[in-house]
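Asks: First to last, the protein sequences are chains F and X.
Anchor point for the first sequence: position 132 equals 132 in the working numbering, and the numbering is continuous, going up by one each time.
Anchor point for the second sequence: position 9 equals 9 in the working numbering, and the numbering is continuous, going up by one each time.
A couple of the hints might just be wrong.
[To be verified] Which residues of chain F face chain X? A partial, calculated answer using Cβ under 7 Å:
(1) ALA12
(2) THR14
(3) GLY149
(4) VAL156
(5) MET157
(6) LEU253
(7) ARG256
(8) GLY257
(9) THR258
[Claimed, not checked] If the Cβ cut is set under 8 Å, some of the chain X residues that face chain F in the computed set are:
(10) LEU21
(11) ASN22
(12) GLY60
(13) VAL63
(14) THR65
Calculated from the structure, these hints are not laboratory results.
The structure displayed is predicted, hence computed values, not measured ones.
Built from N, CA and C at the ideal position, the CB exists for glycine as well.
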Amino acid sequence: MNAKIFASIAVAITGAVLLYGVSDFPTFGDPRSPASAGVEGGAPSASQYYINESYGDTKVPNLVTSVLADYRGYDTLFETVVVFAAGMAIFAILRVVGKEAKQPTGPRAGSSIDGDHQRIIVGTTCRLAVPVVQIFALYVVAHGHHSPGGGFQGGVMLGASFILIALAGNLDDALTRLSEKAYLSLAAIGIMIYAGFGVLPQLLGKNFLDYGVLEKILFTDGPEMARSHSMLGVEIGVALTVMSIMFAIFANLSTRGTLKGGL
Amino acid sequence: MILSFDIIILLFLVVAALIALNVRDLLSAAVIFGIFGFLICLLWAEMGAVDVAFTEATVGAGVSTVLFIATILNTRRKSSD
Chain F
1 MNAKIFASIA VAITGAVLLY GVSDFPTFGD PRSPASAGVE GGAPSASQYY
51 INESYGDTKV PNLVTSVLAD YRGYDTLFET VVVFAAGMAI FAILRVVGKE
101 AKQPTGPRAG SSIDGDHQRI IVGTTCRLAV PVVQIFALYV VAHGHHSPGG
151 GFQGGVMLGA SFILIALAGN LDDALTRLSE KAYLSLAAIG IMIYAGFGVL
201 PQLLGKNFLD YGVLEKILFT DGPEMARSHS MLGVEIGVAL TVMSIMFAIF
251 ANLSTRGTLK GGL
Chain X
1 MILSFDIIIL LFLVVAALIA LNVRDLLSAA VIFGIFGFLI CLLWAEMGAV
51 DVAFTEATVG AGVSTVLFIA TILNTRRKSS D
């Protein structure tokens, strides 16, 4: 009980400090706030630059994607590495290999969505829903620079679709479609695709992640379209990593690292 | 921003958070936390951040609830405090 009182006091103080901090914020969407308009008499703000110039620089209508994948590409690369590292940490802690990996236990150890007539409703619904989810996820990845979306969002949905397969039947159903070897390599390949788009401009004599120079390789008309296409490539890398890590976390957590049986 | 819609969602958010904190059965707490995530998703969608909204719908309401349930099924179901 004492701990609860102390915790409540700590939460109340932290909340009060946060609310006090928020009271200094400009109002929602204020065009004259320093973040939107820049400091008076000083340099113009970054937001203003992005709003005015990003379409001309990158030919990407979605401002969020062009900032995320091009202007702040370095940030996003290491965000993806953080996701990868988190997945690897969970893998390192939970995964059991060798003799400790016991045979599947529990009531659902033998059931599968493929050809099990006792789970026909759940299995059929899942088999119908998963392709729709995955096609929408691919659309979100591929169309991320024209409409809201991108690699993280699409990757999360792809990962969730595999988790849905594992939930509806057995983890083995999902593992036959995306094996452990496949998801671990895809997670690393995603990072390598992103880093590859960073190293390629270096080989051509420009800075890391300076996609504009890739017009020589991608045969686009002008560096703007090269930036646009490179952003798509980068988003695909992010999506692969996020998808694999989401599924890896679920697979290891739900089976105590044995990858046998299911929830 | 639609003020009345905001107020209703924020009210439900606080209620869901309080219930999720106080309920003793961790499985119910996980499900109510999923409801919490879905309410935040509605809030993002209403503010015009559609991409954040459907990420929240998949991660906050879907996958994190599944991960919580997976953890609960491998540990104990009752909360000790």
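Asks: Under 8 Å, Cβ to Cβ, is where VAL63 of chain X needs to be relative to chain F, so tell me if that hint holds or is violated.
Replies: Constraint on VAL63 of chain X satisfied, holds at 6 Å.
Asks: Under 7 Å, Cβ to Cβ, is where GLY257 of chain F needs to be relative to chain X, so tell me if that hint holds or is violated.
Replies: At 10 Å from the nearest chain X Cβ, GLY257 of chain F fails the 7 Å test, so the hint is violated.
Asks: Would the hint on GLY60 of chain X stand, with a C-beta cut-off of 8 Å toward chain F?
Replies: Since chain F brings no Cβ nearer than about 10 Å to GLY60 of chain X, farther than 8 Å, the hint is violated.
Asks: Holds or violated: the hint that THR14 of chain F contacts chain X, with Cβ atoms closer than 7 Å.
Replies: It is violated, given that the least Cβ distance between THR14 of chain F and chain X is near 15 Å, above 7 Å.
Asks: With a cut-off of 7 Å on the beta carbons, see whether GLY149 of chain F makes it to chain X.
Replies: For GLY149 of chain F, the interface hint holds, since the closest Cβ of chain X sits about 5 Å away, which is under 7 Å.
Asks: At a threshold of 7 Å, is the proposed contact between VAL156 of chain F and chain X supported by beta-carbon distances?
Replies: Check passed: Cβ of VAL156 of chain F comes within 5 Å of chain X, closer than 7 Å.
Asks: Holds or violated: the hint that LEU21 of chain X contacts chain F, with Cβ atoms closer than 8 Å.
Replies: violated, 10 Å
Asks: Return the status of the interface hint for LEU253 of chain F: holds when the least beta-carbon distance to chain X is below 7 Å, violated otherwise.
Replies: Hint holds; LEU253 of chain F Cβ to chain X Cβ min 5 Å, cut 7 Å.
Asks: Less than 7 Å between beta-carbons is the criterion; does THR258 of chain F satisfy it with respect to chain X?
Replies: violated, 11 Å
Asks: A closest beta-carbon separation below 8 Å is what the hint needs, so does THR65 of chain X meet it against chain F?
Replies: Violated, about 11 Å.
Asks: Identify whether the interface hint at ASN22 of chain X stands, where standing means a beta carbon of chain F within less than 8 Å of its own.
Replies: violated, 11 Å
Asks: Can we keep the ALA12 of chain F interface hint, with Cβ of chain X closer than 7 Å?
Replies: violated, 14 Å
In the structure shown, a violation is registered for the earlier hints numbered 1, 2, 8, 9, 10, 11, 12 and 14, in ascending order.
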